[in-house]
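Chains as they are written, first to last, in this note's numbering: chain A, 1 to 314; chain B, 1 to 412.
FYI, nobody ran anything at the bench for these hints, they're computed from the structure.
Computed from a prediction, not measured in an experiment: that's the story for all the values here.
From the three backbone atoms N, C-alpha and C, an ideal C-beta is built for every residue, glycine too.
Errors might be hidden in some of the hints.
[To be verified] Computed spacing ranges between beta-carbons, pair by pair:
{"hint": "1", "chain 1": "B", "residue 1": "Leu302", "chain 2": "A", "residue 2": "Asp307", "range": "29 to 37 Å"}
{"hint": "2", "chain 1": "B", "residue 1": "Ile352", "chain 2": "A", "residue 2": "Arg283", "range": "47 to 55 Å"}
{"hint": "3", "chain 1": "B", "residue 1": "Leu280", "chain 2": "A", "residue 2": "Ser160", "range": "51 to 59 Å"}
[Stated by the list, open to error] BS3-like cross-link-like pairs, simulated, lysine-lysine; straight-line CA separation at most 30 Å:
{"hint": "4", "chain 1": "B", "residue 1": "Lys173", "chain 2": "A", "residue 2": "Lys80"}
{"hint": "5", "chain 1": "A", "residue 1": "Lys52", "chain 2": "B", "residue 2": "Lys380"}
{"hint": "6", "chain 1": "A", "residue 1": "Lys80", "chain 2": "A", "residue 2": "Lys167"}
{"hint": "7", "chain 1": "A", "residue 1": "Lys296", "chain 2": "A", "residue 2": "Lys144"}
{"hint": "8", "chain 1": "B", "residue 1": "Lys136", "chain 2": "B", "residue 2": "Lys325"}
{"hint": "9", "chain 1": "A", "residue 1": "Lys161", "chain 2": "A", "residue 2": "Lys144"}
{"hint": "10", "chain 1": "B", "residue 1": "Lys394", "chain 2": "B", "residue 2": "Lys173"}
{"hint": "11", "chain 1": "A", "residue 1": "Lys73", "chain 2": "B", "residue 2": "Lys136"}
{"hint": "12", "chain 1": "A", "residue 1": "Lys303", "chain 2": "A", "residue 2": "Lys144"}
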Amino acid sequence: MPILTPRIVRLLSTVWLLGAVASFPLPGEAANIVALKGADVDVYDEALDGFKSVTSRAQVSEYDMEGDLQRGKRFLARLKSGPKPDLILAIGIWALQVVVEEIRDIPVVFAMVLNPSTVIGQEARNITGASMNVPIEQQIALLKKASPQARRIGVIYDPSKTGFLIKQAERIAPDQGVRLLPKAIASPKDSFAALDAMQGEIDALWILPDVTVLAPESVQYMLLFSFRNRIPLLGLSENQARMGALFGLSFGSGRDIGIQAGEIANEILSGRHAEEIPFTTARRLKLTVNLKTAGKLGLQIPKEILDRADVVIR
Amino acid sequence: MNSRLRAAAGLLLILWVGWFAGPADAGDLKDTIKNLYGSQGIRVEPSPFFPVETRFQASSLQGLDQLNSQLTSAIVVPSFNSSVTGFTFDIERGVPVRTTESLGTLLTERATTLGARKLDVTFTYTRVKFTKLQGKDLDDLELVFRRNDANEGCDPSSPLLLARCDIIKANLKVDLTEDIFALIATYGLTAEWDVGFVVPVTHIRLIAKAHAAIFDQFGNPGGTKLGDIPIHRFGPNSTQPDASGGGDETGLGDIVLRTKYNFLRHYDDLIPDMAFLVELKLPTGDEERLLGTGGTNLTGLLVASRTYARWFTPHVNLGYEIDTKDTRQNAIRYALGFDARLLPELTLAAGIIGRAKPDGSGTGDHIVDLSLGVKWNPIKSLILRTNVQIPLDKNSGLRADFIPTVGIEYIF
Numbered sequence: 001m002p003i004l005t006p007r008i009v010r011l012l013s014t015v016w017l018l019g020a021v022a023s024f025p026l027p028g029e030a031a032n033i034v035a036l037k038g039a040d041v042d043v044y045d046e047a048l049d050g051f052k053s054v055t056s057r058a059q060v061s062e063y064d065m066e067g068d069l070q071r072g073k074r075f076l077a078r079l080k081s082g083p084k085p086d087l088i089l090a091i092g093i094w095a096l097q098v099v100v101e102e103i104r105d106i107p108v109v110f111a112m113v114l115n116p117s118t119v120i121g122q123e124a125r126n127i128t129g130a131s132m133n134v135p136i137e138q139q140i141a142l143l144k145k146a147s148p149q150a151r152r153i154g155v156i157y158d159p160s161k162t163g164f165l166i167k168q169a170e171r172i173a174p175d176q177g178v179r180l181l182p183k184a185i186a187s188p189k190d191s192f193a194a195l196d197a198m199q200g201e202i203d204a205l206w207i208l209p210d211v212t213v214l215a216p217e218s219v220q221y222m223l224l225f226s227f228r229n230r231i232p233l234l235g236l237s238e239n240q241a242r243m244g245a246l247f248g249l250s251f252g253s254g255r256d257i258g259i260q261a262g263e264i265a266n267e268i269l270s271g272r273h274a275e276e277i278p279f280t281t282a283r284r285l286k287l288t289v290n291l292k293t294a295g296k297l298g299l300q301i302p303k304e305i306l307d308r309a310d311v312v313i314r
Numbered sequence: 001m002n003s004r005l006r007a008a009a010g011l012l013l014i015l016w017v018g019w020f021a022g023p024a025d026a027g028d029l030k031d032t033i034k035n036l037y038g039s040q041g042i043r044v045e046p047s048p049f050f051p052v053e054t055r056f057q058a059s060s061l062q063g064l065d066q067l068n069s070q071l072t073s074a075i076v077v078p079s080f081n082s083s084v085t086g087f088t089f090d091i092e093r094g095v096p097v098r099t100t101e102s103l104g105t106l107l108t109e110r111a112t113t114l115g116a117r118k119l120d121v122t123f124t125y126t127r128v129k130f131t132k133l134q135g136k137d138l139d140d141l142e143l144v145f146r147r148n149d150a151n152e153g154c155d156p157s158s159p160l161l162l163a164r165c166d167i168i169k170a171n172l173k174v175d176l177t178e179d180i181f182a183l184i185a186t187y188g189l190t191a192e193w194d195v196g197f198v199v200p201v202t203h204i205r206l207i208a209k210a211h212a213a214i215f216d217q218f219g220n221p222g223g224t225k226l227g228d229i230p231i232h233r234f235g236p237n238s239t240q241p242d243a244s245g246g247g248d249e250t251g252l253g254d255i256v257l258r259t260k261y262n263f264l265r266h267y268d269d270l271i272p273d274m275a276f277l278v279e280l281k282l283p284t285g286d287e288e289r290l291l292g293t294g295g296t297n298l299t300g301l302l303v304a305s306r307t308y309a310r311w312f313t314p315h316v317n318l319g320y321e322i323d324t325k326d327t328r329q330n331a332i333r334y335a336l337g338f339d340a341r342l343l344p345e346l347t348l349a350a351g352i353i354g355r356a357k358p359d360g361s362g363t364g365d366h367i368v369d370l371s372l373g374v375k376w377n378p379i380k381s382l383i384l385r386t387n388v389q390i391p392l393d394k395n396s397g398l399r400a401d402f403i404p405t406v407g408i409e410y411i412f
């Protein structure tokens with residue numbers, strides 16, 4: 001007599017179904033979400049506001065790590081010993097770091113994280129979220145619009161930090177009619193030689209969100225390189241545009257990122273698995289254009305770009 | 001957790017205000033000096049030569065009749081708490097950066113604000129022992145009393161008429177101390193906009209002792225005499241030459257409401273951060289008990305500051321204070337100073353603080369103080385603060401040798 005009789009199979013299926021249903025909040029039942037903030041910064045609060053605005057039916061309780069990883073770990077240890085929440089929102093890179101180490105069996109959505117794949121390993125199947133990264137296509141497209149004759153975009157990067165971004169960019173660049181000229185560096189001091197080697201070889205320069213590249217002296221040297229060679233420099237922020245980069249392109253606001261994370265959370269609470277949902281990049285962007293730099297580089301910035309710019313430095 | 005702490009802090013604030021806001025027995029500490037010898041002045045012993053009741057009135061109280069405004073001018077309200085102990089966000093690297101620029105100022109203002117949805121609650125204790133009035137020692141003041149009919153002139157041909165110019169000098173010792181417990185709360189409505197209040201609870205002690213003596217117009221003791229017999233003298237039927245008065249009062253002082261808007265921040269490398277501050281002082285302190293001025297004051301202050309090398313922040317404040325009760329007390333307020341992070345958890349603050357009354361009454365029309373202090377951040381959101389206010393010009397107004405303040409501050 002087979003062990004799995006149709007009756008037993010039906011019984012097991014029913015138990016599994018009930019278990020699965022029980023593991024998700026029922027319609028009308030408020031989901032229990034724990035929001036872990038890496039530190040008390042305004043932009044994280046904005047992200048949390050955005051998140052709450054689209055998960056209004058959920059009960060969101062907040063915890064601030066105050067920049068202390070050990071404090072975050074202790075909190076998660078307490079969390080694991082009690083009733084489990086339906087979802088954890090990790091706001092910021094520090095919150096994500098502790099959650100990656102400590103949480104395996106609760107869905108996690110992150111927000112306000114740059115280069116999340118450097119923190120999240122391949123084995124983490126319970127984590128997805130909304131990164132702050134700016135879509136690469138939009139960055140390359142912006143450089144092309146400002147300088148249509150640009151064919152070669154130079155970029156320096158640390159393979160251990162932003163190698164994945166270079167791979168993505170190398171796939172995308174040909175579609176936009178440009179070629180990427182990446183120079184790998186291992187430490188900030190390598191950036192000077194890497195830039196010198198690009199002299200006369202590139203038509204535009206692109207700064208990546210890479211901590212090895214972002215040493216103040218390296219950024220200064222890139223600005224100098226841009227002016228000396230009269231090529232546009234795409235920076236990461238309004239601050240870099242004010243320093244002299246032609247453009248600064250960053251995420252639009254913490255609230256927008258929070259809304260994106262909230263939408264992902266809603267999908268998970270509706271039954272989708274975190275591993276089925278890819279990380280998102282910033283949907284809304286903040287563009288700063290430095291027209292003083294454009295003048296020095298002899299570039300005419302198209303009206304289309306100026307119209308969409310959030311900040312124009314004249 | 002944070003919201004619970006904030007709620008608890010809010011409850012404490014309400015209790016604090018409620019505890020001291022109740023009605024108190026009306027006293028009259030304000031007129032202690034004026035009424036030291038009675039409200040009718042000094043009455044001398046009736047004389048067989050001059051049987052008419054003779055009274056002497058104080059010709060000048062040397063500013064002691066303006067104690068309320070003098071007390072207020074002498075003590076600077078602690079600054080809006082703009083302690084920077086948290087994090088800012090590095091967009092390029094995508095990480096929070098612990099801000100260790102400074103723990104902020106103590107008595108002067110800088111342009112930066114607390115940050116959105118942050119609550120800063122501070123308790124301070126200030127002790128003031130006043131020692132000088134217009135440069136004169138408070139324990140060696142002299143009040144001069146003149147006869148009611150002195151303005152009719154002195155006729156040297158008749159001792160009785162000459163005696164009109166006799167004066168009574170009272171050596172006055174004033175012990176005036178003030179203990180101020182202040183609850184200061186600041187809340188960041190947005191990243192650029194703070195609102196807050198200061199609720200002071202004041203204990204004031206004013207004891208005045210005087211000894212009066214009669215002199216003639218040339219300063220000879222005993223006054224004008226007819227033969228060897230003085231025309232004016234103290235006796236069993238006169239006001240007694242030794243008098244004392246005063247007492248203690250404790251109660252709610254003048255509550256200050258304020259708001260600061262940081263309208264310019266990180267504009268470029270040259271232009272400093274700028275803010276505008278509006279301060280409203282309400283007449284919640286009992287004027288008669290020397291706990292308040294009895295008037296509403298409105299102050300507008302422009303604040304400029306800039307941080308250099310992430311540790312040194314000079315600042316300038318300039319504004320005008322309107323006293324709706326007595327326009328002579330309207331004052332230009334200014335301050336120039338800096339705060340400097342000496343260690344990540346220790347900040348030194350120093351500044352010159354001035355208050356000039358263009359149409360002042362002559363007492364304390366321009367006072368200038370030096371403020372020196374430190375803030376220490378032993379653990380995350382807790383700051384201990386101490387400072388001393390040192391009058392630079394003791395010849396103007398009611399002054400203490402120094403005014404120490406200690407406080408504890410917590411950011412929720």
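Results for each hint:
1. Here the CB-CB span from B/Leu302 to A/Asp307 is close to 36 Å, well matched to the stated 29 to 37 Å.
2. Look at B/Ile352 against A/Arg283: about 51 Å separates their beta carbons, and that is inside 47 to 55 Å.
3. Range check, B/Leu280 to A/Ser160: Cβ separation about 57 Å, and the 51 to 59 Å hint holds.
4. Proximity of B/Lys173 to A/Lys80 is assessed by CA-CA distance (about 71 Å); at most 30 Å being required, the pair is judged violated.
5. At roughly 28 Å between alpha-carbon atoms, A/Lys52 and B/Lys380 fall within 30 Å of each other, so this suggested pair holds.
6. Proximity of A/Lys80 to A/Lys167 is assessed by CA-CA distance (about 37 Å); at most 30 Å being required, the pair is judged violated.
7. Our distance criterion of 30 Å between C-alpha atoms is met by A/Lys296 and A/Lys144, whose separation comes to about 18 Å.
8. As the CA atoms of B/Lys136 and B/Lys325 are separated by approximately 28 Å, the hinted pair is consistent with the 30 Å bound.
9. A hinted pair counts as satisfied when its Cα atoms are at most 30 Å apart, and A/Lys161 with A/Lys144 qualifies at roughly 26 Å.
10. Taking the CA atoms of B/Lys394 and B/Lys173, the gap is near 18 Å; set against the 30 Å cutoff, the hint holds.
11. Distance restraint check for A/Lys73 and B/Lys136: the Cα-Cα separation of roughly 64 Å exceeds the 30 Å cut-off, and the hinted pair is therefore not satisfied.
12. Among the hinted pairs, A/Lys303 with A/Lys144 is consistent with the structure: their alpha-carbon atoms are about 14 Å apart, no more than 30 Å.
Hint compliance for this structure: hints 4, 6, 11 are not met, and every other hint is.
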